[in-house]
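4 protein chains.
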Amino acid sequence: MIRFDSDYMAGAHPEVLEALVRTNMELTAGYGNDPYTTEAKELIRKATGCADAEVMFLVGGTQTNATVIDGILSRHEGVLAAESGHIAVHESGAIEASGHKVLTLPHYDGKVKAEDVEQFIEEFYADETYQHMVAPGMLYISQPTEYGTVYSLEELKQLSEVCHNHDIPLYVDGARLGYALGAESADFTLKELSQLADVYYIGGTKVGTLFGEAVVVTNRKLLKNLFSLVKQHGALLAKGRLLGVQFTTLFRNGLYERIGAHGVRLAMRIRKAFERAGYEPIIDSRTNQQFFRLPNSVIDNLRQEASFDYWGPRGEVDSVVRFVTSWYTTDEDIDKLEALLGL
Amino acid sequence: MIRFDSDYMAGAHPEVLEALVRTNMELTAGYGNDPYTTEAKELIRKATGCADAEVMFLVGGTQTNATVIDGILSRHEGVLAAESGHIAVHESGAIEASGHKVLTLPHYDGKVKAEDVEQFIEEFYADETYQHMVAPGMLYISQPTEYGTVYSLEELKQLSEVCHNHDIPLYVDGARLGYALGAESADFTLKELSQLADVYYIGGTKVGTLFGEAVVVTNRKLLKNLFSLVKQHGALLAKGRLLGVQFTTLFRNGLYERIGAHGVRLAMRIRKAFERAGYEPIIDSRTNQQFFRLPNSVIDNLRQEASFDYWGPRGEVDSVVRFVTSWYTTDEDIDKLEALLGL
Amino acid sequence: MIRFDSDYMAGAHPEVLEALVRTNMELTAGYGNDPYTTEAKELIRKATGCADAEVMFLVGGTQTNATVIDGILSRHEGVLAAESGHIAVHESGAIEASGHKVLTLPHYDGKVKAEDVEQFIEEFYADETYQHMVAPGMLYISQPTEYGTVYSLEELKQLSEVCHNHDIPLYVDGARLGYALGAESADFTLKELSQLADVYYIGGTKVGTLFGEAVVVTNRKLLKNLFSLVKQHGALLAKGRLLGVQFTTLFRNGLYERIGAHGVRLAMRIRKAFERAGYEPIIDSRTNQQFFRLPNSVIDNLRQEASFDYWGPRGEVDSVVRFVTSWYTTDEDIDKLEALLGL
Amino acid sequence: MIRFDSDYMAGAHPEVLEALVRTNMELTAGYGNDPYTTEAKELIRKATGCADAEVMFLVGGTQTNATVIDGILSRHEGVLAAESGHIAVHESGAIEASGHKVLTLPHYDGKVKAEDVEQFIEEFYADETYQHMVAPGMLYISQPTEYGTVYSLEELKQLSEVCHNHDIPLYVDGARLGYALGAESADFTLKELSQLADVYYIGGTKVGTLFGEAVVVTNRKLLKNLFSLVKQHGALLAKGRLLGVQFTTLFRNGLYERIGAHGVRLAMRIRKAFERAGYEPIIDSRTNQQFFRLPNSVIDNLRQEASFDYWGPRGEVDSVVRFVTSWYTTDEDIDKLEALLGL
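Residue numbers (this note's numbering), protein chains in the order written: chain A, 1 to 343; chain B, 344 to 686; chain C, 687 to 1029; chain D, 1030 to 1372.
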């Protein structure tokens, strides 16, 4: 069975696991007060070009989003997000549980447009009852999006500009950031992202670690008590050095980039395989998630030897499916998929 | 340097780590929908004698407490706890952040008394303004307590009885449960605890895993939507099988008991060493945390080659310190400590 | 100046005010423990035909919605509502502040359709990731809606049926309920509403009182600790008898019905006046709110001697406006409006 | 029957009620956008000597405390308060419901000491695990306290100083502020209070209005979005002018001072009556609440013709009771009480 269900099906990248094994019996202080965490923060500051950035490691994506958003917003504010955004759909109401509304914007294959953000804010304050409504207090985007699409540098600049014109922070959910950076079509760098976003996180769970997300706060006016917020949100790992060790490994020798490039390369092989088999992708994703509309008979056939994500019926005899690659996907996996497709 | 600061200074017990390494490249479904998690749940149901218990794995203690308590309480209710309880002091307000008050009871070396619980509830409902106050909706205790003390079976029965007489659940924080079960003086078993508590958790972080706590819900009327609650609290691990693998290892061959016994045995060696050196423990803890009042000069001397937890000054020339053992503490560590004490 | 801005521009209906004046110097217990509150509850139980209903008086609509919804929902649940619903738009995030998501449905002139509710719930549970999303835990509708439209008895039955088939309560926001009951086209009674809804409130603020809303809980399995919830939400009036006195007056001699009928009759006069002047209402509202699209020149002219609510531009030269009547609107007001329209 | 149960047993002071009656049929904009509210704000700014203060009217005390405290605190912060403080005991967990812990200090007949505040803050930041605990983010005191005691000007200065030295705001709950200002022994003025507190509220409910509390924000860096916060907390009155009319009446011609002085004068008559009858007050309250320890036989006798508040047994044959005066208490009431006491 070849598996393309998601990008969190294996443990850690072998280099990451090796580092955990190597350091396993060392004794260090807890809660991130250890040399590995310090080193990882420095490596990330260097990689992002933000010598002053605060870096904080959390365990998972939902808790990271909830902690950062709750820590930024005032009580009367909500967070702007694409209606397809992870926080708007798939976090069991974690944002609302901390007291904040998700203010949804239309999405275009997962992306929001700067002009829609601008329009929302302008119409909001033009409404004379605006104080009876939830004020837009920040913008959340995911890079890449839940549909695998990537904001271009120009789009990021526009979003950053509209946010800063209206004095609200831009927060980027980078759960799969490595696969956006690894996309051939990507025209932005981590350093450029760091200049444009006020806060973002570099996802580890889907890009080589057992777990872990690195929050980077480039706008130091925000999240001044991040440690306590993380603790309050139950997101502080006792053995914090596990995060330090893993991110040190990802960022010391270019592993993060290599993983991103690897996942994307194999995703492009999947894309081409389906194209050759006559199925165009339904979304122009250049990252590690690929979406196809396939005849149900083809799906049934593939399922004999492959697993992937079912997204629902489309028309009478077709369905939409998602194929995901990760650092652990191999060229042999794709060879087998091609064979299944009769190529 | 020998280190007794806390019980979360190393990675995972070698057997646990070995299991993670062995399974690292397997591909499984996420969020606990994997065979290891299923196996771990079964092993725990067996060990606790509760074939019907719901078992759920979370990452850390604070998030476990916040999730369980938030899921049990109605909006107008609070949680009874010792004023020294972890949720009352050291969780950055995580319980209040989910909307609930911690109703504090006096503590006796970390323990609460059934009669105090009874009195609180009786006085509460005897007050005719009780509807203006926060109702006691559950009882939280830790076993062992933050001071290393252990409730006897009789004490647990009394607490369980007073709770059930008043129709409120009893929840037991077992962050260090292994070290209570491993105490020579302990007269309760995991199966007995399961009969008396409505919900409790079996701590992994301090007892052999990299991270992870196993919530056991024996009263199935409670926490019916635990999965969603866990997700909402940001406590759902994407690669859930990491928890399954670790708890399977702890519970398949008695490792959990061995770790508990090991930690306690070395703690008792520390206790005896200090006693021989002329320092009685200030709390009668029979678990892996030991508390002493030492002259500051002795502390300074020990610090040259040992690290431990400083709890604050006591009188003019003394201070209170805590020594903690864990699965990774060795007899050689204690030998060295004895040497430092001049024994 | 004749004023049609809203239905909360004057104090209390003279009969209500007279009762407050008459009882002003009486001394009674606080927080609703007074004979007037008891009497008002009985009158409402009688009017609604629910001898067992719990009745509770709160001060305002937003706090009533927040208290009821927070008291009904479990932590992992949200409230279904029209995207135009008051709780979704104009309550400054009060629902989210208590931790719950508003799950929006399309609206049809303010109303939701039973089939959309059915579809939402079915699709929700058909999605295998539903535990990662916010579960629909209740349905909120307003009767009449924010657009003045009224659910027919048949529509209410359908909504009640779909809710109860899926075991979620139906909650009706009756801020302007009197004006729905007073609509000539209305084919439902208060008693029928009480059979179909699990909880609803009878609005006083816009229908004759200085302030005050009467929550009626017909499904006694819900909101068992309503008093404490009301207190916790800051919605418990110290001088609770002010609410008792006012609702006793509204319900002792048919005043509530008279006010509703009066407001609607004058609203129908407004409607006819605009129709005669050539402007059809843009929404078929038969209650006390009327919506028209008027040329801006007409609006400017009317504004010389009348005030009303501006809802925004429509096209190049038109705008939408809202005219609202209440118990204090007089036939003379409408005569003047007709004159302004050149009738 | 003469009644001394509480200070919210009647409606409004006749002058206040007269103003409500006089203005009842006027039509004004809602939510405080009316000339009466504007006038009341100006009168209060003048009375407090703070030309720049923001003034906002809410309905009741619990909602005022919850709104102000929630609006001031960051997510990781709690509010310091006497363990006897209203927010710590009698608000059904409203503070916790908004996510914040009440950090309790010892009380001395209801008051806190500046040195205890200082000690709490110093010990908090001296604890190296302070980031795991809830940070003290503001101080709440009540003036007068729940026990009728009054902070002297010197005590207020000390509290203000310790707060501002540690950069946390001082918030004063003035539910009964009129009776503190009216105490003969009081040595502070409203203007002085305004210089020392960052925020406070002037209670109306217990001092002459039907309902209503006036929040005064003298530190304009705080609570910048107070209107939306008030709305979100369900504390925004639709017919806001009812609050404007009432507070205009209280502050236009010295009525607030007269009510305070009246209530206190009669409370002092009660005190002297009990002293002459042989019962010293158990708390040295110089405001409108008086506390006595009486033999149960005396209490039973008094209850034949008087009502008052029972605070619980004291010893075998005695109990503690509370007598409260208000603007509606008369000299004849006290004459009758004296007769009951056999004077």
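By construction, these hints were calculated from the structure, which means they are not laboratory data. This one's a predicted model, so the numbers in the text were calculated from it and none came from an experiment. Hints are not guaranteed to be accurate.
[Unchecked claim] Calculated pairs, DSS-like style, for lysine-lysine (alpha carbon to alpha carbon, straight line, at most 30 Å): (1) D:1075 with D:1220; (2) C:910 with B:564; (3) D:1253 with D:1075; (4) A:46 with A:224; (5) B:567 with C:877; (6) C:958 with C:732; (7) D:1075 with A:224; (8) C:958 with C:907; (9) A:221 with D:1250; (10) B:567 with C:907; (11) B:564 with C:732; (12) D:1142 with D:1186; (13) A:224 with D:1250; (14) D:1253 with A:221.
[Unchecked claim] Listed below are several chain A residues computed to face chain D (Cβ distance under 10 Å; list not exhaustive): (15) 31; (16) 76; (17) 77; (18) 99; (19) 131; (20) 133; (21) 232; (22) 283; (23) 304; (24) 307; (25) 310.
Where is the CB? At the ideal position from N, CA and C, for every residue including glycine.
Hint check results:
1. D:1075 with D:1220: Distance of about 9 Å is within 30 Å: holds.
2. C:910 with B:564: Roughly 18 Å between the alpha carbons, so the hint for residue 910 of chain C and residue 564 of chain B holds.
3. D:1253 with D:1075: holds, 21 Å
4. A:46 with A:224: holds, 21 Å
5. B:567 with C:877: The hint is violated at about 35 Å.
6. C:958 with C:732: violated, 36 Å
7. D:1075 with A:224: violated, 37 Å
8. C:958 with C:907: violated, 46 Å
9. A:221 with D:1250: holds, 16 Å
10. B:567 with C:907: The hint holds at about 18 Å.
11. B:564 with C:732: violated, 36 Å
12. D:1142 with D:1186: At roughly 11 Å apart (the allowed maximum being 30 Å), residue 1186 of chain D and residue 1142 of chain D satisfy the hint.
13. A:224 with D:1250: With Cα atoms ~18 Å apart, residue 224 of chain A and residue 1250 of chain D stay inside 30 Å; holds.
14. D:1253 with A:221: Measuring from Cα to Cα gives roughly 18 Å; hence the hint holds.
15. 31: holds, 8 Å
16. 76: With Cβ-Cβ at 4 Å, under 10 Å, it holds.
17. 77: holds, 8 Å
18. 99: holds, 7 Å
19. 131: holds, 5 Å
20. 133: Because about 8 Å separates residue 133 of chain A from the closest Cβ in chain D, which is inside the 10 Å limit, the hint holds.
21. 232: holds, 6 Å
22. 283: At 37 Å from the nearest chain D Cβ, residue 283 of chain A fails the 10 Å test, so the hint is violated.
23. 304: violated, 51 Å
24. 307: violated, 41 Å
25. 310: violated, 39 Å
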